[in-house]
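There are 2 protein chains.
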Amino acid sequence: MTVPDRLLDALTTALGSAGVLTAAASPDDVAGHVVDWRGAHRGSTPAVLRPGSTADVATAVRLCHEAGVALVPQGGNTGLCGGCVPDGSGSQLVLWLGRMRAVRDVDPVGGSATVEAGVTLRGLQDAAAGVGRLFPLSLGSEGTATVGGVLATNAGGTGVLRYGMMRDLTLGLEVVLPDGQVWDGLRALRKDNTGYDLKQLFVGAEGTLGVITAATVRLLPATPARATAWVAVHDVAAAVALLAVAQEHAAGDLTTFEVVSREAVGLVLDHAPGARDPFSAAHPWYVLVELAGSVTETLGTRLEEVLVAADERGLVADAVVAGGPAQRTALWLLREGVSEVQGHAGPSLKHDVTVPIAALPALVAATDRALEAVLPGVRRITYGHVGDGNLHHNLSKPVGAPDAVLRDRADALSAAIYDEVTRLGGSISAEHGLGSAKRDLADVYGDPVERELMRTVKRALDPRGLMNPGKVV
Amino acid sequence: MTVPDRLLDALTTALGSAGVLTAAASPDDVAGHVVDWRGAHRGSTPAVLRPGSTADVATAVRLCHEAGVALVPQGGNTGLCGGCVPDGSGSQLVLWLGRMRAVRDVDPVGGSATVEAGVTLRGLQDAAAGVGRLFPLSLGSEGTATVGGVLATNAGGTGVLRYGMMRDLTLGLEVVLPDGQVWDGLRALRKDNTGYDLKQLFVGAEGTLGVITAATVRLLPATPARATAWVAVHDVAAAVALLAVAQEHAAGDLTTFEVVSREAVGLVLDHAPGARDPFSAAHPWYVLVELAGSVTETLGTRLEEVLVAADERGLVADAVVAGGPAQRTALWLLREGVSEVQGHAGPSLKHDVTVPIAALPALVAATDRALEAVLPGVRRITYGHVGDGNLHHNLSKPVGAPDAVLRDRADALSAAIYDEVTRLGGSISAEHGLGSAKRDLADVYGDPVERELMRTVKRALDPRGLMNPGKVV
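Here the protein sequences come in this chain order: U and G.
Numbering-wise (the numbering used here), the first sequence opens with residue 924 and increments by one.
Numbering-wise (the numbering used here), the second sequence opens with residue 924 and increments by one.
Just chain U, with the same shape it has in the complex (with noise of 0.2 angstroms):
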């Protein structure tokens, strides 16, 4: 089906020539907004409505929904499964938030802020430390992402392990439902044991159940000082163990515990500027530990206790405690670098996998060995949430092989992968969500029992599906 010219007309009179921008008079502006950032999906809209307000959103979804037409919410466009782009059938509408930019208020006493879905996490992250208080959730593209999306998505990065993904960081939602209605459940409450938990429906419901427009999240209190090591292991157990001994010993103040493989540091060491390796050999893998509170010098005790008690263990094969802000950058950048120079490795084949904690060296030995039965000499570009059980295993082709060679064996690489986790009880997506990307394979790899009652909660919600059809469900 097309999209009527009369329900875009209805669009434009009820928001304005601003809300709304059509394909045919604003084709570069629309071109934008059917492709995710990385080129890896790519659909097609007639138009993209922007709607600058709550009641906006409403009156949009509700004259949709009457005439029968899909929309796709979007916000900062930087998901990784294509979940905020439309299909290729020209019949959806996306639907950007990035107007809805207030932040309606904020509360230091009460630890708790509300912002509209188009504001950027960055954003979010400024309001609360101009009064002191920190919100912690943190990734990579903070400053595009929105809080929309890190909604939609459920989204996680480098302060799980202390602070939880965004859906614990959330106490209300504002919604539109898919039949315009609107369900405002903005409370700044830390318990409501009123009924079912809506809330807990639409974050990382990836805009299939409704559009989330305003969000109450969780401030907390701000944790200037930090203390940052980068230890060198000689294996994934050794940074297990790593882990548990932190957590004995600074358990309040443990924040990040990043693993990486030296593939992936020998990248970030060869092409990002200005990064350097703080030991003189290399090491199979490294963790980066932060501690973060008031005080600095407690914190330095703190991880000093750590290393030591880590170091008797036998754990550490070598170890350097950041001296101030710079070397900590210095640090991080061996670890966040990752993501940006995999391109100098040719194209990569990414996986955001989790199993439990203790099934991580497990995990990575199977996969070694299945991966280089696929295509041996295939380079594991791994780092990820180790503190969360999470691993980024991205993949790039051999050296020196032609890039055609991972684009023909991706399948057999990805079950190599997906087998291993499901076999240890793991998930195939810990953070990055289905979108249209992953879809199938939840089909594939999930609990069918688990997948129709998605289904029925989907079928219940948004009877006619037009909320973002194709993902998720």
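Just so you know, the hints here were simulated from the structure itself, not pulled from any lab data.
Reference excerpt, derived from the structure (chain U facing chain G, CB under 10 angstroms, subset only):
id, residue
1, SER1035
2, GLY1108
3, ASN1116
4, GLY1127
5, LEU1166
6, GLN1170
7, HIS1172
8, GLU1354
9, ARG1362
10, LEU1376
11, ARG1382
On a predicted model such as this, the values are computed, not experimentally measured, just so you know.
Ideal Cβ positions, reconstructed from N, Cα and C, are used throughout, including at glycine.
Guided by the hints, dock chain G onto chain U, whose structure is given.
Just chain G now, kept in the frame of chain U:
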């Protein structure tokens, strides 16, 4: 309707004679399952089903589903809102999970445990302690309350400030759905973004969407060391300000922050064996502050810092720090003794309310005025979890008044509290749930769009309305 004999016969055949207790054959045993522990909610049932396994539960639910007979899941029966008591019709069967007591798995490295629904909360705590880990949820009835019940009501308690509610500690669930299918959602993953987070629907649903038969929960690093203070403050505003100071100086270690009114402490001092006032003078409000971690000295230093900083800001009327375990127990008695001694002030009218933390002083001031207007001299036996914005705002009759006066004015007194709570953006049930007791109140004070959305979910998952009917929605 009545429960058909042929259904009871089929259930007895399937579950064995130990699996079905009929009121006809075992009236005394059945009687204990149709009234809650306080005697506030009473119903009737022709039989109590006692499944010993998930397969038993699935069979029982399927047979009842086919026969169109309603089920009321029940655990330790310690709930406060009548959620696990059948109605008076005699047409509902009780499904008691107390025989499902297996600890299926405990993983100290990964930090998780999988237990069946009938394991008591203390049993789970003990299983964690047995491997040197902590399961942090703690509440007065933990020796009797079961994991299934704690999940069904999303219980809170005294550790929520640091560790969250039961929802936040749950990694995975096994649920028997209303038609008897088993959803195996038992996972020990910190992250899993493969679609809707279905477990969130069942946690807090009070058995209205299915029967939780087992759960995988988070275990945390043990915190053998404690530092505990009892602080007298002038008013609730000082308590809230003290919370901010404590979060600033001891964020990662702060575990408990509880407030108790003088009226409540006075009752404990008068009636709890061994209770004594550590201060020479009476004060209007008290705060119990506790830090937990691994090193006693570090915690002691931090607690001292909190008290010095609070004193400098004029927030402390008096304070005492526990010098050892015995003194700690004595201070906790002043807080935990309240619910046990309240009977000495006559019948009580309980309110479990929450507002944004910053609004707590306004709530107490406004309800003081409103309650006094309804019933002069009514006693506020108030205590609660200030760190969560949650007060147990319980009322007793004026000194010397007949018991009936409280009952006669109950609706007006409760309305005085709930009206203010609602005006301040709060909730009429912070941690006790709705059950049958507060279901209609939720329709009065709740948002109509939200209540209808809950009913939509209920109809989708339980179209025949056989799972704990009359509760929550």
